[in-house]
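Engineer: Taken in sequence, the protein lines are chains R, E and Z. If you count the first sequence from 1, position 118 lands on 118 in my numbering, and the numbers rise without skipping. If you count the second sequence from 1, position 204 lands on 204 in my numbering, and the numbers rise without skipping. If you count the third sequence from 1, position 52 lands on 52 in my numbering, and the numbers rise without skipping.
No lab work stands behind these hints, which were simulated from the structure alone. Be aware that one or more of the hints could be misleading.
Copies of one chain are not kept apart here, so a pair can be met inside one copy or by any two copies together.
Said to hold, decoys possible - Derived DSS-like pairs: lysine-lysine, alpha-carbon spacing no greater than 30 Å straight-line:
no., residue 1, residue 2
1, 61, 187
2, 292, 334
3, 292, 330
4, 61, 193
5, 334, 187
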Amino acid sequence: MVTLGELAALLGLPPEDTDSSLELHDVAPLERAGPGDLAFLADRRFLSTLRETRAACVILKEEWADESPVPVLRAQDPYLAYARASSLFDRQSPAPMGVHPSAVVDPSAQVPSSASVGPGACLGPKVALGDDVVIGAGCYLGEGAVLGRGTRLAANVVIYHGVVLGEECRVHASTVIGSDGFGFARKPDGWEKIHQLGIVRIGDRVDIGAGVTIDRGALDDTVIEDDVIIDNQVHIAHNCTVGPRTAIAGCVGFAGSTSVGADCTFAGQVGVSGHLEICDNAHFTGQARVAKSIEEPGSYSSGAPLDSTSVWRRNAVRFSQLDALHRRVKALEKALEEALETTTTSPANNPAKSGAQSGEES
Amino acid sequence: MVTLGELAALLGLPPEDTDSSLELHDVAPLERAGPGDLAFLADRRFLSTLRETRAACVILKEEWADESPVPVLRAQDPYLAYARASSLFDRQSPAPMGVHPSAVVDPSAQVPSSASVGPGACLGPKVALGDDVVIGAGCYLGEGAVLGRGTRLAANVVIYHGVVLGEECRVHASTVIGSDGFGFARKPDGWEKIHQLGIVRIGDRVDIGAGVTIDRGALDDTVIEDDVIIDNQVHIAHNCTVGPRTAIAGCVGFAGSTSVGADCTFAGQVGVSGHLEICDNAHFTGQARVAKSIEEPGSYSSGAPLDSTSVWRRNAVRFSQLDALHRRVKALEKALEEALETTTTSPANNPAKSGAQSGEES
Amino acid sequence: MVTLGELAALLGLPPEDTDSSLELHDVAPLERAGPGDLAFLADRRFLSTLRETRAACVILKEEWADESPVPVLRAQDPYLAYARASSLFDRQSPAPMGVHPSAVVDPSAQVPSSASVGPGACLGPKVALGDDVVIGAGCYLGEGAVLGRGTRLAANVVIYHGVVLGEECRVHASTVIGSDGFGFARKPDGWEKIHQLGIVRIGDRVDIGAGVTIDRGALDDTVIEDDVIIDNQVHIAHNCTVGPRTAIAGCVGFAGSTSVGADCTFAGQVGVSGHLEICDNAHFTGQARVAKSIEEPGSYSSGAPLDSTSVWRRNAVRFSQLDALHRRVKALEKALEEALETTTTSPANNPAKSGAQSGEES
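Isolated chain R (complex conformation) (with noise of 0.2 Å):
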């Protein structure tokens, strides 16, 4: 529970004339959100809704205060200020200071007073943790791994020996951070096993899904720069880096040897190749598949559109014709010119020199 006035506070928000001992107890849509409930509205297209909320109090834009029917809260970005508010919300229990009696920890292990490590958890020789850490139930840390003040792993994470993660990070259960990279040389009889030699280097207010895994680079490092978001079950290959602030949705590969820069967004099942560069502030809509590197800013798709599969299934055959197609308008616009040359000899009255080729060239 947190009332009205010691939400503001808290906020940052500017208080308002209403009842600043109001007590909100949770969180909830606009739509369905009743006495206690906190609500939020972002966009104007649910202006309708406010004006029918049963909300406790909304937080929402200046300019939309006056449709409000109860108590507001003003936040310039009320969608922001509503992120703040919901950790407030948040009923998950602390966890437990200290270590469980069933965790297996290496006597060379650091473990300030502050840390909480889980049931079963196992921390290998050298291990250092921050201030605050907190290990879940069944995580495995390698040895010498590197966890800054702050940083909270879930259940049954695995961190492979000497990975580094900064401070305030948070990892999901059953994620695995420093597995070997896919490296082998070929040999007649089979493949011989390149030794992944670096590390993988994660900065500070790093946000890691369930399910995901990050390798450990050949010779270099993986880097995972500050405030990078990754979603579950994204993959990425050894010696990949990837630039501040970008966020990474779900089931999104990266292959080896990929520079990612800063603040860039990748949709659902993005394909990367290796060996790319990608610059700041590319974007890439689900599914993308990018072989090739990226030097300009912008949003960048691929793939081919949903259909009927009996639709679709004629226009698929087509795309297999594509060049031949093209080979074919080509050979037509040829032959309309040399047609039409053949039956006037008027520039000005060729419509297929004039129009046809107005196209892109073949």
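Got chain R; can you put chains E and Z on it based on the hints?
Structural biologist: Quick look at chains E and Z alone, frame taken from chain R:
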């Protein structure tokens, strides 16, 4: 081991004149089944295999019974009858009842005596297990998680706080249910986490594969309804709802807040954008890119077909010129029409008009 | 640390005239290698980097040796020689022999004294480990699982009952082998589970990444043959077979009952449908959609190229009109031909016939 008579009774199939004491020890494919093996025939294309089978008994349709050289069981749906029979031949040992001494169970957790809690499993405060629940080794259940009667978790599954699973569900290894949804508000220097205050609610008889991730909702819940089946490595983002009996194959990804109807099927690697509505009985072929809501039942596809890389490369280049090609064809149509108008005054004699315009509009 | 002389001997490379007592402490890329570092050159494009290297020693081809300012080792395949050398510089501590006191090992399990079983690992009844096997922390091995000599599991790997791995395999963290295949028979009110009675059989020297899932067979087994290498987050469905030395990159998915030949390569995110036959030496580029059997060795691709989203959107719309466009071009060809026949009687003078028809059939 089961006898033919027992099997017929268990499957609710009509008893046969054949020796009901015939012993069945295993199930095997029709072509390699031998004495003691049960086999089945579900497709008339394999009738020739039936005629040569050495199985002890074959489950098949009434109409094929005369073709069998061996005893039969007649079923309206032989594949379904085989599925039911398969449970009799599963040699997996039952999980031992009770809590393994190495498990860590909070005193406030409810664990009925018929439940099984495996080695190293960890049950947080107020976890509630139904009768006959099985918790595999190394699983973690957060505070207040609820599992209905007969639900089984394989090893190393993580169920976050507050998540609810119904009865008779099955969850395979390393799956994560209830991790935080990927919700962040942009701020000038990075991202503000939106605490994910909803839960995941899963119905009865839901089957979930290995390495799956299902995120908890932001404000509302993520909901998987009864009888949904989910294959390995599927990702379901926050606030999705999946209707009853829908089947989701491996590596499919759903972005947030998408609503899926009943009886849908998603083939492997399909990607579904956020905030969509998918109606009942919609079916998607492999790798389909679902970026719009679906209002009509039916089968949907996207993508371009596989070719040899050299052929593909030529056609793929042409994809990037498709709009230009359309404009060239349109110009050709116009040019030809105009040329014909200058050489003839009879529209009936103008094949460009009657023929070239018969395609869809440009 | 290893001396140059020792390294040459270990790699089977010809001894050099240079100081064989030169000490090598690490491996590094040619451009940043310094004193004490071993480097390698595998591509003549980097010869200019070689000329300026400060490495202690460079592995390279005979023909490049004269260009090196520092001692060399001559190898026919420098990349393979580097791969072999890399193992000497891997600082990962060896796993301690013996069973950790927190591990739970069934009395009927066979664990040789040379094996290592990590903290919290759980070995079911009749598990059989070969010599020098390493079981990471938190792993679970179901009843009757068999691991051949020298095979190593990282942390939190799950091996289901009955699964067999050969010798010298390596499995990375959170991988699951032997989960149930996705097999269900439709019934009126839902799905009847088909119990998966086969196992997974994995050959020798198979390398499996993190977060991989390989399902057990329904009746027959899922089979991965010798020397296969598999990257992170790959999904292999029930009853697939993968031939020797095939390489599978990250996030690839195989549907059930597909048979893959020897020496194939799958780039990232390739999707392979079920019940296909892929011949030996077939290679697939990233995100390829493999929906038909492959009978000829070679390289295969699918998909459409990346463009800026605004350009892509225009072209993608046209994909849905491809068949209509083909019909329009065909109509144009016919119309032009007929128009030309009405204006000329000389076929030799008809460019539409000789030109426009040179494309493939429509």
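Engineer: Each of the hints needs a verdict: does it hold here or not?
Structural biologist: Here's how the hints hold up against the structure:
1. Proximity of residue 61 to residue 187 under the C-alpha cut-off of 30 Å is restricted to the inter-copy arrangement: shortest distance 16 Å between copies versus 65 Å within a copy.
2. For the identical chains of this complex, residue 292 and residue 334 are neighbours neither inside a copy (34 Å) nor across copies (38 Å), given an alpha-carbon limit of 30 Å.
3. Proximity of residue 292 and residue 330 under a CA criterion of 30 Å is satisfied intra-copy only: 29 Å inside one chain copy versus 32 Å between copies.
4. Taking the closest pair of Cα atoms, residue 61 and residue 193 come within 30 Å of each other only across two copies (20 Å); inside a single copy the shortest separation is 58 Å, beyond that limit.
5. Taking the shortest alpha-carbon separations for residue 334 and residue 187, neither the intra-copy value of 53 Å nor the inter-copy value of 57 Å comes in at or below 30 Å.
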